[in-house]
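Number of protein chains: 2
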Amino acid sequence: MRKDVFELKVNLLASASVVGKKESAGPLGPLFDLRDEDDRFGKKTWESAESEMQRIAFNTLLAKSEKKENEIDALFAGDLQNQCVGSAYGLMDFNIPYFGLYGACSTCAEGILLASMAIASGCRYACSVTSSHNCVAERQYRSPLEYGAQRAPTAQWTVTGAGAFLLGKEERGAARISRGCAGRVIEMGVRDLANMGAAMAPAALDTLLRFFSATGERPEVYDCIVTGDLGFEGGAILQDLARAEGIPLGKRYTDCGQLIYDRETQDVHAGGSGCGCSAVVLSAYLLPKLSSGKWRRILFLSTGAMMSPDSIKQGRAIPAIAHLIELEAIPE
Amino acid sequence: MRKDVFELKVNLLASASVVGKKESAGPLGPLFDLRDEDDRFGKKTWESAESEMQRIAFNTLLAKSEKKENEIDALFAGDLQNQCVGSAYGLMDFNIPYFGLYGACSTCAEGILLASMAIASGCRYACSVTSSHNCVAERQYRSPLEYGAQRAPTAQWTVTGAGAFLLGKEERGAARISRGCAGRVIEMGVRDLANMGAAMAPAALDTLLRFFSATGERPEVYDCIVTGDLGFEGGAILQDLARAEGIPLGKRYTDCGQLIYDRETQDVHAGGSGCGCSAVVLSAYLLPKLSSGKWRRILFLSTGAMMSPDSIKQGRAIPAIAHLIELEAIPE
Numbered sequence: 001m002r003k004d005v006f007e008l009k010v011n012l013l014a015s016a017s018v019v020g021k022k023e024s025a026g027p028l029g030p031l032f033d034l035r036d037e038d039d040r041f042g043k044k045t046w047e048s049a050e051s052e053m054q055r056i057a058f059n060t061l062l063a064k065s066e067k068k069e070n071e072i073d074a075l076f077a078g079d080l081q082n083q084c085v086g087s088a089y090g091l092m093d094f095n096i097p098y099f100g101l102y103g104a105c106s107t108c109a110e111g112i113l114l115a116s117m118a119i120a121s122g123c124r125y126a127c128s129v130t131s132s133h134n135c136v137a138e139r140q141y142r143s144p145l146e147y148g149a150q151r152a153p154t155a156q157w158t159v160t161g162a163g164a165f166l167l168g169k170e171e172r173g174a175a176r177i178s179r180g181c182a183g184r185v186i187e188m189g190v191r192d193l194a195n196m197g198a199a200m201a202p203a204a205l206d207t208l209l210r211f212f213s214a215t216g217e218r219p220e221v222y223d224c225i226v227t228g229d230l231g232f233e234g235g236a237i238l239q240d241l242a243r244a245e246g247i248p249l250g251k252r253y254t255d256c257g258q259l260i261y262d263r264e265t266q267d268v269h270a271g272g273s274g275c276g277c278s279a280v281v282l283s284a285y286l287l288p289k290l291s292s293g294k295w296r297r298i299l300f301l302s303t304g305a306m307m308s309p310d311s312i313k314q315g316r317a318i319p320a321i322a323h324l325i326e327l328e329a330i331p332e
Numbered sequence: 001m002r003k004d005v006f007e008l009k010v011n012l013l014a015s016a017s018v019v020g021k022k023e024s025a026g027p028l029g030p031l032f033d034l035r036d037e038d039d040r041f042g043k044k045t046w047e048s049a050e051s052e053m054q055r056i057a058f059n060t061l062l063a064k065s066e067k068k069e070n071e072i073d074a075l076f077a078g079d080l081q082n083q084c085v086g087s088a089y090g091l092m093d094f095n096i097p098y099f100g101l102y103g104a105c106s107t108c109a110e111g112i113l114l115a116s117m118a119i120a121s122g123c124r125y126a127c128s129v130t131s132s133h134n135c136v137a138e139r140q141y142r143s144p145l146e147y148g149a150q151r152a153p154t155a156q157w158t159v160t161g162a163g164a165f166l167l168g169k170e171e172r173g174a175a176r177i178s179r180g181c182a183g184r185v186i187e188m189g190v191r192d193l194a195n196m197g198a199a200m201a202p203a204a205l206d207t208l209l210r211f212f213s214a215t216g217e218r219p220e221v222y223d224c225i226v227t228g229d230l231g232f233e234g235g236a237i238l239q240d241l242a243r244a245e246g247i248p249l250g251k252r253y254t255d256c257g258q259l260i261y262d263r264e265t266q267d268v269h270a271g272g273s274g275c276g277c278s279a280v281v282l283s284a285y286l287l288p289k290l291s292s293g294k295w296r297r298i299l300f301l302s303t304g305a306m307m308s309p310d311s312i313k314q315g316r317a318i319p320a321i322a323h324l325i326e327l328e329a330i331p332e
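These protein sequence lines map, in sequence, to chains W and C. Per the working numbering, the first sequence starts with residue 1, numbered consecutively. Per the working numbering, the second sequence starts with residue 1, numbered consecutively.
Here chain W stands alone, though its shape is the one from the complex:
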């Protein structure tokens, strides 16, 4: 029988977050390490701006953790751009062995899971870096900003942000990664590109159910259960689905896409999304709750919708995935 849960004995030693203008103006704005006020990060194209954001996030991580480039054994990275060029160009200046990932918006947790496995295989330090950029995603997946298309109420707002994480065996840092559960590709027939929360919620449920079933844990033992970017629509669907399965998530449930913007004033419809969303919220908001001792134990799931614009045009539904990591406060 399959082993659904990985026992990981790895620590999240440090992290860094870089965001754009809208994210700076949101409720978590003051918590991010670095902000750019025009989302361009000094570059001429949005695509280069996203790469620059990854480069800055990783550099900030090295600075915060006082690590040198040549101490990092492996770098896991991904983004939403075709052929994941955001990461390839963003991190190519660092001479570090590189594993490119594509997990759509689930890439943050995917990278952290795989970096944990790299440490189990003998790496001393491994990093995960992920990003998304609103203007890049809009023109690649939907239409150029200049077109001014109206957005559906269930549509989410792709976060402009990059998060970077350093993992190692040392018994210190922001949090311990105690267990992990990799997602399966789940496709439930949702074809609406403007409602990715609905497509992703069943994938989050599948991973949660497998994790609870394999470990015997219940939602009550966690201070927080947080998904990556189901947003308001998908988050509500997940809560309904979980209740029907007899594991109500209750008030301890939240979603990074719900936390990052002010729904009343920022006009983001169903909340934030993108590889950068769960990455910057994990780094700037969730990890400090664990390292400060406010929380003891949380479940963090990054959720991804794995379609392409072409696959939707060809009539395929949206396959989704959710990777989970269990994070614990490191005892003093």
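Be a bit skeptical, because a hint or two may be false.
[Said to hold, decoys possible] If we take Cβ atoms under 8 angstroms as the criterion, some of the chain C residues that face chain W in the derived model are:
hint, residue
1, GLY78
2, GLN81
3, ALA104
4, GLU217
[As the list claims (entries may be wrong)] Covered stretches of chain C, going by a simulated chain W footprint (3 or more residues, C-beta under 8 angstroms):
hint, stretch
5, 3 to 10
6, 64 to 74
7, 119 to 129
8, 181 to 193
9, 223 to 230
10, 282 to 293
11, 302 to 309
Since the hints were made in silico from the structure, they are not lab data. No residue lacks a Cβ here, since even glycine has one placed at the ideal position from N, Cα and C.
Model the placement of chain C on the given structure of chain W, informed by the hints.
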């Protein structure tokens, strides 16, 4: 200091290969497990045909190895389609924890390296599946087939093929994966989309040099040193570069893109390429040389060019990467 080489104690237990028409007609044609005579695999779109090819390759792997779906702990997969949908749709029918990868044509070795790490982290069995489809790649990266664009002499022919590999700890199977060396992203200024061999050769050299330097090995101890898809152009460049570095590769060097087609009669210009190229050649041609005892030890590098059509239009050069695995015959 960085640990450049992973010591892996994992065996490649079984593999499967599925190819299209042109590959069937090439010199390795009779060696592949399955062939389709019109490259459509019963599907209406080339994109769905590629997914179907992955599905068939993985099913064939399960059948050949007498494994059930629920015995596989983790599946690593990737392809060249935007958002890697070839893999997501191809493998979503299997309820197996899934890690999506993007390494361009280096994904075969990347997946095998990461599957090895998954085994080190406690998985019993892990698989890697990769594919490419000529007609999908032509219209996504270049122009639709109907356009009939003339090809440059240095251009390569994307292989229609999918390869699947089963890894585990059992001391049997096709070959032992003894060591691995992950590639770094190398960009040397090559901007010519019709000469990806030239862009990738320096990445292959970088990985080889780091592997030889970390292990103290020399090319002479290997029966074969084989790259994924440098083709004739990139392969010749790699041999020149290696000679200049004092590690001439000599006649033991070859390339999967050189092996898969007959250059004289098949009109493929600089040889084969694509995620499927190194995967099907490894499965059908290289592994049997090791399992039959004809070869004792080889180095296998998958090489990838990580640009996107948009990044080239925006004036960026082609970043490349090469992941290496050392394969040994399993003693009887």
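Okay, the hints, checked on the actual structure:
| no. | hint | in the structure |
| --- | --- | --- |
| 1 | GLY78 | holds, 7 angstroms |
| 2 | GLN81 | holds, 7 angstroms |
| 3 | ALA104 | holds, 7 angstroms |
| 4 | GLU217 | violated, 18 angstroms |
| 5 | 3 to 10 | holds (count 5) |
| 6 | 64 to 74 | holds (count 5) |
| 7 | 119 to 129 | holds (count 5) |
| 8 | 181 to 193 | holds (count 7) |
| 9 | 223 to 230 | violated (count 0) |
| 10 | 282 to 293 | violated (count 0) |
| 11 | 302 to 309 | holds (count 4) |
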